[in-house]
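Start from chain A and add chain B according to the hints.
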Amino acid sequence: MSVAAQPLANDHAHEDHHEPTFIEKYIFSTDHKMIAKQYLISGLIMGAIGIAMSMLMRLQLAWPNETFWIYEVLLGKFGQGGVMDPSIYLALSTIHGTIMIFYVLTAGLSGTFSNLLIPLQIGARDMASGFMNMLSFWLFFISCIVIVASFFVEAGPASSGWTVYPPLSALPQAIGGSGLGMTLWLVAITIFVASSLLGSLNYIVTVLNLRTQGMTMTRLPLTIWAFFVTAIIGTVSFPVLLAAGLLLLMDRSFGTSFFLSDIYIQGEVLSYQGGSPVLYEHLFWFLGHPEVYIVLLPALGITSEIIATNSRKPIFGYRAMIASILAIAFLSTVVWGHHMFVSGMNPFLGSVFTFTTLLIAIPSGVKAFNYITTLWKGNLQLNPGMLFSIGLVSTFVTGGLTGIILGDSTLDINVHDTYFVIAHFHLVMGISALYGLFAGVYHWFPKMFGRMMNKNLGYIHFWITAIGAYGIFFPMHFIGMAGLPRRYYKFTEFPYFDDLADTNILISVFAFITAAAQLFFVYNFIHSIFYGKKAEQNPWKSTTLEWTTPVKHIHGNWPGEIPKVYRWSYDYSKRNKDDSDYIIAGQDFVPQNVPIQENEEEMNE
Amino acid sequence: MTVLLIILVAALLGITIWQISKIFKLSQPVESDDTQVATNEDNQKQGKIFLAFTVFLYGLMIYSFWSLSKFYAPGASEHTEDYDRLFFISLGLIMFVQVIIQFLIHWFAYKYRGKKGQKALFYADNDKLEFIWTIIPVITLAALIIYGLFSWSEIMNVEETDDTLVVEIYAYQFDWRARYSGEDGTLGEANVRFIEGVNQLGLNESDPYAQDDIITSELHLPVNRPVLFKFRSQDVLHSAYFPFFRSQMNVVPGMVTQFGFTPTTTSKEIRNSDYMVEKVKNINEIRKNNDNLDDDEKQYEFEYYLLCNKICGVSHYNMQMKIVVETEEEYEKWISEQQTFGELTAQN
Numbered sequence: 001m002s003v004a005a006q007p008l009a010n011d012h013a014h015e016d017h018h019e020p021t022f023i024e025k026y027i028f029s030t031d032h033k034m035i036a037k038q039y040l041i042s043g044l045i046m047g048a049i050g051i052a053m054s055m056l057m058r059l060q061l062a063w064p065n066e067t068f069w070i071y072e073v074l075l076g077k078f079g080q081g082g083v084m085d086p087s088i089y090l091a092l093s094t095i096h097g098t099i100m101i102f103y104v105l106t107a108g109l110s111g112t113f114s115n116l117l118i119p120l121q122i123g124a125r126d127m128a129s130g131f132m133n134m135l136s137f138w139l140f141f142i143s144c145i146v147i148v149a150s151f152f153v154e155a156g157p158a159s160s161g162w163t164v165y166p167p168l169s170a171l172p173q174a175i176g177g178s179g180l181g182m183t184l185w186l187v188a189i190t191i192f193v194a195s196s197l198l199g200s201l202n203y204i205v206t207v208l209n210l211r212t213q214g215m216t217m218t219r220l221p222l223t224i225w226a227f228f229v230t231a232i233i234g235t236v237s238f239p240v241l242l243a244a245g246l247l248l249l250m251d252r253s254f255g256t257s258f259f260l261s262d263i264y265i266q267g268e269v270l271s272y273q274g275g276s277p278v279l280y281e282h283l284f285w286f287l288g289h290p291e292v293y294i295v296l297l298p299a300l301g302i303t304s305e306i307i308a309t310n311s312r313k314p315i316f317g318y319r320a321m322i323a324s325i326l327a328i329a330f331l332s333t334v335v336w337g338h339h340m341f342v343s344g345m346n347p348f349l350g351s352v353f354t355f356t357t358l359l360i361a362i363p364s365g366v367k368a369f370n371y372i373t374t375l376w377k378g379n380l381q382l383n384p385g386m387l388f389s390i391g392l393v394s395t396f397v398t399g400g401l402t403g404i405i406l407g408d409s410t411l412d413i414n415v416h417d418t419y420f421v422i423a424h425f426h427l428v429m430g431i432s433a434l435y436g437l438f439a440g441v442y443h444w445f446p447k448m449f450g451r452m453m454n455k456n457l458g459y460i461h462f463w464i465t466a467i468g469a470y471g472i473f474f475p476m477h478f479i480g481m482a483g484l485p486r487r488y489y490k491f492t493e494f495p496y497f498d499d500l501a502d503t504n505i506l507i508s509v510f511a512f513i514t515a516a517a518q519l520f521f522v523y524n525f526i527h528s529i530f531y532g533k534k535a536e537q538n539p540w541k542s543t544t545l546e547w548t549t550p551v552k553h554i555h556g557n558w559p560g561e562i563p564k565v566y567r568w569s570y571d572y573s574k575r576n577k578d579d580s581d582y583i584i585a586g587q588d589f590v591p592q593n594v595p596i597q598e599n600e601e602e603m604n605e
Numbered sequence: 606m607t608v609l610l611i612i613l614v615a616a617l618l619g620i621t622i623w624q625i626s627k628i629f630k631l632s633q634p635v636e637s638d639d640t641q642v643a644t645n646e647d648n649q650k651q652g653k654i655f656l657a658f659t660v661f662l663y664g665l666m667i668y669s670f671w672s673l674s675k676f677y678a679p680g681a682s683e684h685t686e687d688y689d690r691l692f693f694i695s696l697g698l699i700m701f702v703q704v705i706i707q708f709l710i711h712w713f714a715y716k717y718r719g720k721k722g723q724k725a726l727f728y729a730d731n732d733k734l735e736f737i738w739t740i741i742p743v744i745t746l747a748a749l750i751i752y753g754l755f756s757w758s759e760i761m762n763v764e765e766t767d768d769t770l771v772v773e774i775y776a777y778q779f780d781w782r783a784r785y786s787g788e789d790g791t792l793g794e795a796n797v798r799f800i801e802g803v804n805q806l807g808l809n810e811s812d813p814y815a816q817d818d819i820i821t822s823e824l825h826l827p828v829n830r831p832v833l834f835k836f837r838s839q840d841v842l843h844s845a846y847f848p849f850f851r852s853q854m855n856v857v858p859g860m861v862t863q864f865g866f867t868p869t870t871t872s873k874e875i876r877n878s879d880y881m882v883e884k885v886k887n888i889n890e891i892r893k894n895n896d897n898l899d900d901d902e903k904q905y906e907f908e909y910y911l912l913c914n915k916i917c918g919v920s921h922y923n924m925q926m927k928i929v930v931e932t933e934e935e936y937e938k939w940i941s942e943q944q945t946f947g948e949l950t951a952q953n
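Going down the list, the protein sequences come from chains A and B. No gaps in the numbering here: position 578 of the first sequence is 578 in our numbering, and each next residue is one more. Each number in our numbering corresponds to the 1-based position in the second sequence with 605 added.
Just chain A, with the same shape it has in the complex (with noise of 0.2 Å):
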């Protein structure tokens, strides 16, 4: 009888004792771990693709009238002859924009460092709910493969925007894209929200519940608070753009007049009456802002962790960090108005949505202050990283700054739907995201693939992304300002805009370049995961508990007891009372789990 008694002293970490399958392990895993590892996988796969269509679209505004064999190769069809179709140009800039925002930048950057660092860094086994967490993942799954799949139908995927705005979306006379491939891009976003939806519970629960002993609400990771906020953002908005795409579906395929009102298209009158476009775009738009920042708080709450580690100082301001980022969310929800000040909205709803707007200014500007703060009389341990986090504060002040402009509903009136605004909201969402995501990418990687990325191909991919990132999108700021509109297949239509050719040139030399950067990250991510360097068990010297982990993922995390905490994550170069040396002789930083020592003043929580 004692045979059976034993297995209950264990702790929970040797509950599981069979040895897990293949399928298991590694395809329906209910590890966060795992989990955190396909997201990335997928995420950065469908980035490739996404990445891909814009090239294709930069070819195709740097030589307009010439024909390349590319298009007939990639496009099929729609690249007959080299010749680019116009209507697959929309459909290119359609799905580029959802694949990068949903895809990339909300799953595959929340989704990726959420899941890996949730439990992780506030010590917990897992998620609270596994079976929700696999599940989200792989209603993900189903959903790339149904964007993905749309560009096999017939007449085209959805080509009307990512905005997806009706009556083009709703009403296949008026684009062929607006058909199957409309529907199918619908069914894809829909399942995209349940997965977001369980996800973003999930995170929720686990944050509040599952904090190992001593882990306060104050004594959180940056990284946490931002992944925190921004799952409950996604809780609060994204059901919003559930609703709108159904309604949508409803005006398209059951005949109801949401969004649809008096419309004559290719000879005769529909019975639409009574419904309203600009309906559509409030709804959108309420997901559609708070979403920015869905993308880029996780972004931003990665490299407060990252600066903050490879400064060897504490984040400057972490209470102003905590709020900043509440501050964000609530007013991210209170701004949608701005996209839509020339919408035939209401004026003075212009006006309440150019104050609100310009609001959102002061926490962002309080955190790039910060950021900046924390680097002054730093001891900068330049790893590629930590490029990539002070890259994403660059390109943030540059994309954010000209928020300014457009936020102002005067002002928005001529560079509305212009490039101004495309190398605006890429500097501010995609760039700055992105090099989120890649500083992620290069930080935890050891943490993910017990081993490490290879810093000098890290180096190289920073710098000519840098390079490339500002010449794209530095000078589209001066053709917007020209007035050249955004989703223009062509421009060689208007001679006004002849002289603004060179220039597109440039931009596209610099966006080739750029991507082909990238295909060093691709070389590196994938020979590192096989080859790399193992790694230590805390290479850079962090003070989170996820580097109190075994460099071997195991199911729990901790071998043994979960560690307790008993401090905040930020005691780097904290120096004993009497100032002689480090709190711990020798060691410049104090992981969160070791005990406040005898001579060392506490901070004021």
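Don't take each hint at face value.
Taking CB as the label site, the calculated pair distances span [said to hold, decoys possible]:
no.	chain 1	residue 1	chain 2	residue 2	range
1	B	Ser758	A	Gly274	28 to 34 Å
2	B	Ser758	A	Phe330	24 to 30 Å
3	B	Lys733	A	Gln213	31 to 37 Å
4	B	Gly790	A	Leu326	53 to 59 Å
5	A	Gly450	B	Asn645	21 to 27 Å
6	B	Asn809	A	Asn346	23 to 29 Å
7	A	Ile41	B	Trp623	47 to 53 Å
8	A	Met217	B	Lys675	32 to 38 Å
9	A	Phe131	B	Asn645	45 to 51 Å
10	B	Asp789	A	Ala243	42 to 48 Å
11	B	Lys724	A	Arg319	20 to 26 Å
Here are the simulated lysine-lysine pairs, PhoX-like style, with alpha carbons at most 20 Å apart [what the hints assert, rightly or not]:
no.	chain 1	residue 1	chain 2	residue 2
12	B	Lys903	A	Lys541
13	B	Lys927	A	Lys377
14	B	Lys903	A	Lys490
15	B	Lys721	A	Lys490
In case anyone wonders, no lab produced these hints; they're calculated from the structure. We put the beta carbon where it would ideally sit given N, CA and C, even for glycine.
Structure of chain B alone, referenced to chain A:
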């Protein structure tokens, strides 16, 4: 210019590849420290690259302002002045902040690059600093918001007086039509359900106000007279973007949107302005060498245009309408030569 840029980019690319191969070579042989964590040497080197990058970034900004800001379209409406002033104040302000902040970011990255024996300062908080960089943006933004809102309400709240010319802009895939109210000064009732045959804009034929309406495919506007546009779409969303008049409004099926401005410069005047003469000369130079163009397309003369700025279908990129701003007399003459709706229906 293009050639120069391409050579420059190719040269930079060449240098990059050369440097990469050097780094590759360096990374091949005996690497004593193989942890893949930045070493002291890495910190030195990357810190210096940050400094070099700052030069690139500032060079790029200077280049852009120097040679690309000429693209900023000239304005020709009454509120242009106000708009442009606000734009340049905002632009000046953000560039001022940009120049300082980018310098700080990159300078700190260089200055505080890790060195052996260097100790970081434990500096976690400072309420005064936080307060300062909260309050400064608050004040600056408050000023900008207030300025912006005054301009906004001035531009958006168009008062309709006797002098105001009311013109309907009608959008459909993929063209525009303008409808003038004719002698009675009132636009006739219209709805897509009335569209039939020559009645392409769906005017209500039984509405007496509609009879004298004039439908044209060019937009002619008398200079210095306020115009109020009423926008109507037949099929999908469009956006009526008048870049030279700092005006834009979406055209929404199922509702009528509006926007007003007062053109202040005639087409003739702007064509003869120094800016436009120079620009058109440059464009014609480019067009001369463009083999894709027929001979008659090579000579470009500037005309104002209205373009579609909301994705509306495959030919979205070519949905434009010519705008002519002319003197009151020229306008009167032109409009009197146009056919009214009543004449049009009677003919058919």
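* **Those earlier numbered hints the structure runs against, lowest number first** => The structure conflicts with hints 7, 8, 12, 13, 15, although it agrees with all the remaining ones.
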